[in-house]
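Visitor: These are the residues of each chain, in order.
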Amino acid sequence: MTSTEYVRQQPTETEAPSPAPDPHKERAAVSRRGLLGAAGAGLAGLAAGAAGGFALGSAETTPSPQPAGTRTYPFYGEHQAGILTPVQDRLHFAAFDVITHSREELVQLLKDWTAAAARMTQGLGAGEVGPTSGPYAAPPDDTGEAIGLPAAGLTITFGFGPTLFRKQGKDRFGLADRQPDALHRLPHFPADKLDPQRSDGDLCVQACADDPQVAVHAVRNLARIAFGRASLRWSQLGFGRTSSTSTSQATSRNLMGFKDGTMNLKAEDPAAIDAHVWAPADADNKGRWLAGGSYLVVRRINMTVETWDRQPLSEQERVIGRTKAEGAPLSGGSEFSQPDFHLKGNDGEPLVATDAHVRLVHPSNNGGAKMLRRGYNFVDGSDGLGRLDAGLFFLAYVRDPRTQFIPIQMKLGLGDGLSEYVQHTGSALFAIPPGIAQGEHVGQALFS
Amino acid sequence: MIMSRLSRPAGEFAMPVRTLILASTCAVFGMPLLAGCTDNTTNTTDNSGSTASANPRALTVQATDSECKLSATSAPAGTVTFAVTNGGQKVTEFYLYAEDGKRIVGEVENIGPGITRELVMKVEPGSYLTACKPGMAGDGIRAPFSVSDSGEAQQGSAGSDAELVKQADENYREYVEDQTEHLVAMTATFVAAYKAGKDDEARALYPVARMHWERIETVAESFGDLDPKLDLREADLEPGQKWTGWHRLEKDLWPARAKNYEPLSKAERVAYSDDLVKNTASLHKRVPRLDFSADEIANGSRGLLDEVATGKVTGEEEYWSRTDLWDFQANIEGALVGFEGLRPLLRDRDPALESQITAKFATVLALLNAQREGDGFKTYDKLSKAEVKELSDAVNALSEPLSKLAAAVV
Chain A
1 MTSTEYVRQQ PTETEAPSPA PDPHKERAAV SRRGLLGAAG AGLAGLAAGA AGGFALGSAE
61 TTPSPQPAGT RTYPFYGEHQ AGILTPVQDR LHFAAFDVIT HSREELVQLL KDWTAAAARM
121 TQGLGAGEVG PTSGPYAAPP DDTGEAIGLP AAGLTITFGF GPTLFRKQGK DRFGLADRQP
181 DALHRLPHFP ADKLDPQRSD GDLCVQACAD DPQVAVHAVR NLARIAFGRA SLRWSQLGFG
241 RTSSTSTSQA TSRNLMGFKD GTMNLKAEDP AAIDAHVWAP ADADNKGRWL AGGSYLVVRR
301 INMTVETWDR QPLSEQERVI GRTKAEGAPL SGGSEFSQPD FHLKGNDGEP LVATDAHVRL
361 VHPSNNGGAK MLRRGYNFVD GSDGLGRLDA GLFFLAYVRD PRTQFIPIQM KLGLGDGLSE
421 YVQHTGSALF AIPPGIAQGE HVGQALFS
Chain B
1 MIMSRLSRPA GEFAMPVRTL ILASTCAVFG MPLLAGCTDN TTNTTDNSGS TASANPRALT
61 VQATDSECKL SATSAPAGTV TFAVTNGGQK VTEFYLYAED GKRIVGEVEN IGPGITRELV
121 MKVEPGSYLT ACKPGMAGDG IRAPFSVSDS GEAQQGSAGS DAELVKQADE NYREYVEDQT
181 EHLVAMTATF VAAYKAGKDD EARALYPVAR MHWERIETVA ESFGDLDPKL DLREADLEPG
241 QKWTGWHRLE KDLWPARAKN YEPLSKAERV AYSDDLVKNT ASLHKRVPRL DFSADEIANG
301 SRGLLDEVAT GKVTGEEEYW SRTDLWDFQA NIEGALVGFE GLRPLLRDRD PALESQITAK
361 FATVLALLNA QREGDGFKTY DKLSKAEVKE LSDAVNALSE PLSKLAAAVV
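Protein sequences appear in the order of chains A and B. Heads up: the first sequence at position 304 corresponds to 304 in my numbering, and the numbers run straight through without jumps. Heads up: the second sequence at position 138 corresponds to 138 in my numbering, and the numbers run straight through without jumps.
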């Protein structure tokens, strides 16, 4: 570290995700308050949640508690961080249009982004000089709102949209022959009401952290670095995670008040991750560069929460197919029990309704397809009619969207009881290149 | 975007104030472990206690009301940082003088008590003098300082730089005076048509006359009393404030977007017109007394781009006439003139930045050219959303490197 290097906070040694409570054990004891703490309502909430976890969890494996905010994840590795990483509490997601016509400038942008991301994820400033240093007559090379904040588990994950390869039939950067067959704009799904200003993009940045200001700082500085080469197309804040990607995390709730992502893929199941998340080397000739990467499906799903909240508990549970309290399937058991879709009630109807969300998306009804979901709750103010502009910013990592997302969403658009209460207002698909080695830039294999 | 000789750009005050707050927080609570305290006040100094000695080009200066202690009395040539901490009660300054003790090589002014400010600069091998000036007066507390040859490439001699700065100042001053003269003449022509009730003619003259104002907008705005009288928009009026100037007449000529608009009487037209002429004449009288340093010219160029980004690309400036693109073009032209004057200086110091800024100016001007119609431009309401976005992207692309110009030429 040079003396002029700006340090937000000395990065701690990289650690495993902090030991969190065993969700099975925790569930029995928690109140709504406890859950909020575990989901992390600010740093204090996090600390409280973690402490609660230690008390409830297995003490013998628990190292001395460390503030969650000081956690750092390695930027370099086989896969990009921010996919299997235990889902952080906050999100700032951004999609960019590349505005330069020069391949060289595009590559330089990716190099600059890589360097800045490598720094910021370790709790350092975006540039080498720092937010309050350097020539007094020059603007600082970091915007400064993260001064004094730790890395907060920040991960920055980059992706490439279909239009980077080909836009209106035009091969923009000599990449058209490397556009994987699976990387095309998602089809129109029934009941889509997509806003072009919240959809698509040539590049994407997913910044996740346990502190919202850290995530926003990351996107803001990357957008600044991109000026003249890429322009911010749209961005989305997410304030609370709706999924867990690790068995160490409790299942969180979406804005419908139900547990979300109970059946999610978990990092602790590498065989399932290999089968459902990482793009294989031999998928197609054009996509060889993507080996070890993934596809990211992005959907901004608005919920008419006001209407939803007026539904009787029985209707809410019927639509989801699970109990609201525990998240157990209506066919019985507890949260992690498998639903029995055949079990009938005294009226002869299946306990898990035929249009229940859990039935339609269950792997057993979709050829075994699973996704690694990493979505966030959002509220973007209100709509002028006294209603919240709120919902789920759905993020899912898949090995192939053509088999794992598209057929399922087609089905949901047609027959899901939930579709009465949701509307898809944004959509995008990105190829997520594999991890980055020291000295390389993100997506290097695509350009070599 | 104030550019007068007397006042510094407001932004320069922002950081010290914040630093002061954080620094005092640390002092009061005595919690050196808090990252917020250590990393803010002393980036390059000694928050780990050892970095100052690790980098021979990072020096600290402990300035008090009676002392000026440097962490070293020499440094290798290259980019050297002096982190000056004012431990005294008086506001202080730090100078690096040439061997003769007269020529200023670098300076950092206005360091309030408790504040740390940095002087970052390229220095050539040779003998120098350092000085702290508690109370900002006198010769200060001086000591010899030497810079050894490190084999690094050096910039052009300071003597020729001074010549280039002088040239840039003269060119820019001439430009400002020339534009002001045109503004006076065109304003007279415009109000003549307007007073005579030749509204079509006045509407054609309005955006053209205003281009002379917009080209030197950051300079004109530095006259805090004249600017609101000449260029205030209705939306910016304070309660009770009388609305005069260009935009008052603009609304009268283009009332289509106004509700229940009461046109100005003939007498009112005369009164507002004469007021415009009088205030413009006052501007003209004051302008020749200005002169510009390199960073003022550079910050003026950046300021003009800021004007574009906040008022023109959004279509807010010319709300009634929708002639924003004339203003846009003029802001860019004015910024380009400032940049051109500094180019010889920049070429020596940062050729990559020079070519980057040059290319981005060309992109913006090409986009504007594509919106020309007849002798002028399309009105703002004829632009598609995509066209506005493209212009906005090009302005951002230019503004970002242009924001580095000032530091590169001082």
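Among the hints, erroneous ones may be present.
Stated by the list, open to error - From the structure, some residues in chain B lie toward chain A, with a derived Cβ separation under 8 Å:
1) R117
2) N396
3) A397
Said to hold, decoys possible - Here are the simulated lysine to aspartate or glutamate pairs, EDC-like style, with alpha carbons at most 20 Å apart:
4) B:K389 to A:D97
5) A:K167 to B:D348
6) A:K170 to B:D274
No lab work stands behind these hints: they were computed from the structure. Ideal placement from N, C-alpha and C gives every residue a C-beta, glycine not left out.
Visitor: Run the distance test for K167 of chain A versus D348 of chain B: straight-line Cα separation, threshold 20 Å.
Guide: violated (41 Å)
Visitor: Restraint: R117 of chain B near chain A, CB-CB cut 8 Å. Satisfied or not?
Guide: holds (7 Å)
Visitor: Would you mind confirming whether the straight-line C-alpha gap from K389 of chain B to D97 of chain A stays at or under 20 Å?
Guide: The given pair, whose Cα atoms are some 11 Å apart, holds under the 20 Å limit.
Visitor: How about N396 of chain B: closest beta carbon in chain A under 8 Å, or not?
Guide: With a closest approach of 5 Å, the N396 of chain B hint holds.
Visitor: Is the shortest C-beta separation between A397 of chain B and chain A less than 8 Å?
Guide: holds (3 Å)
Visitor: Would you check the hint for K170 of chain A and D274 of chain B, treating anything up to 20 Å between C-alpha atoms as holding?
Guide: This hinted pair is violated, its Cα atoms lying about 58 Å apart.
Figure legend: structure checked against the earlier numbered hints; hints not met, in rising order: 5 and 6.
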